[in-house]
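Number of protein chains: 2
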Amino acid sequence: MPVIKVLPEPVDLPGPLPEPAVDDLRLETVLGALSDPLRLRIVRKLLLESEHFDHTCGWFGLDRPKSSLTHHFKALREAGVTRQRQYGLERRSHVRVEDLNARFPGLLDLVAAWEPDEG
Amino acid sequence: MPVIKVLPEPVDLPGPLPEPAVDDLRLETVLGALSDPLRLRIVRKLLLESEHFDHTCGWFGLDRPKSSLTHHFKALREAGVTRQRQYGLERRSHVRVEDLNARFPGLLDLVAAWEPDEG
Chain X
1 MPVIKVLPEP
11 VDLPGPLPEP
21 AVDDLRLETV
31 LGALSDPLRL
41 RIVRKLLLES
51 EHFDHTCGWF
61 GLDRPKSSLT
71 HHFKALREAG
81 VTRQRQYGLE
91 RRSHVRVEDL
101 NARFPGLLDL
111 VAAWEPDEG
Chain U
1 MPVIKVLPEP
11 VDLPGPLPEP
21 AVDDLRLETV
31 LGALSDPLRL
41 RIVRKLLLES
51 EHFDHTCGWF
61 GLDRPKSSLT
71 HHFKALREAG
81 VTRQRQYGLE
91 RRSHVRVEDL
101 NARFPGLLDL
111 VAAWEPDEG
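Same order as they appear, the protein sequences are chains X and U.
Position 47 of the first sequence, counted from 1, bears residue number 47 in UniProt numbering, the numbering being contiguous throughout.
Position 48 of the second sequence, counted from 1, bears residue number 48 in UniProt numbering, the numbering being contiguous throughout.
Think of the hints as simulated: they come from the structure by calculation, not from any bench.
Keep in mind the model is a prediction, meaning the values are calculated, not measured.
A portion of the hints provided could be inaccurate.
[As the list claims (entries may be wrong)] So the derived label-pair ranges between C-beta atoms look like this:
| hint | chain 1 | residue 1 | chain 2 | residue 2 | range |
| --- | --- | --- | --- | --- | --- |
| 1 | U | GLY106 | X | SER68 | 25 to 35 Å |
| 2 | U | ASP63 | X | LYS66 | 38 to 48 Å |
| 3 | X | HIS52 | U | ALA113 | 29 to 39 Å |
| 4 | U | ASP24 | X | LEU62 | 21 to 31 Å |
| 5 | U | LYS5 | X | TRP59 | 13 to 23 Å |
[Stated by the list, open to error] Covered by chain X, per the in silico footprint, the following chain U stretches (three or more residues, Cβ under 8 Å):
| hint | stretch |
| --- | --- |
| 6 | 24-30 |
| 7 | 35-43 |
| 8 | 102-111 |
Ideal Cβ placement from N, Cα and C applies to all residues, glycine included.
Work out the full structure, taking the sequences as your base and the hints as a guide.
If you want it as structure tokens, here you go:
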């Protein structure tokens, strides 16, 4: 099974953008946010390949318009899958591994094991 | 953790309606089918409260138009979450527990543990 990486949280981070508290996470909302191949790809890459604590959308190398990526990253944050912080002009995301494992054990393992459809 | 019931398969069942093979199940599609409170309710009730091998939509006691229920049951089947069989004029559903556990271990436990939003 792929190993989920959790990198240490740096000090002096900017505060997170608005997000649901861990107790307010809803399974139907989280599953909805993950029911899209691009969003699964984003979350899986964060889980398995993170090089820093959090990453800008440019790091993912996704060939989509910036407005589309902004929408997808916001959807993940608003569902509670990722946490986003504003660093000057850019936003960076990481997965809320601890919160999701506490509320929905095993879900992130399914995402980590997901493979894009080759068809 | 709630216990998922699997009732024995009767003999001489009618054949299943069209559905994806177990190897063709896609995580994004299954999560999409489960990202709806009504569909979570249907699947959870089948997992925890089944009285027979499979059930008609009337058994669920859902206060929705029949056309809406037909749509939701079809969406669950086409995603591979449930198997539907035609018994004369009515269709009955059960959850593909073995197939889903094989492909997405732990996912049905999350559905079984789900609670409807009280808000």
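How the hints compare with the structure:
1. U/GLY106 - X/SER68: 25 to 35 Å: Given range 25 to 35 Å: holds, Cβ gap about 31 Å.
2. U/ASP63 - X/LYS66: 38 to 48 Å: With a Cβ separation near 44 Å, U/ASP63 and X/LYS66 satisfy 38 to 48 Å, so the hint holds.
3. X/HIS52 - U/ALA113: 29 to 39 Å: With a Cβ separation near 33 Å, X/HIS52 and U/ALA113 satisfy 29 to 39 Å, so the hint holds.
4. U/ASP24 - X/LEU62: 21 to 31 Å: 26 Å, holds
5. U/LYS5 - X/TRP59: 13 to 23 Å: 45 Å, violated
6. 24-30: Since three or more residues must qualify, the claim that chain X covers the stretch 24-30 of chain U holds, with 4 doing so at under 8 Å.
7. 35-43: Three-residue rule met by the stretch 35-43 of chain U, so holds; n is 4.
8. 102-111: holds (count 7)
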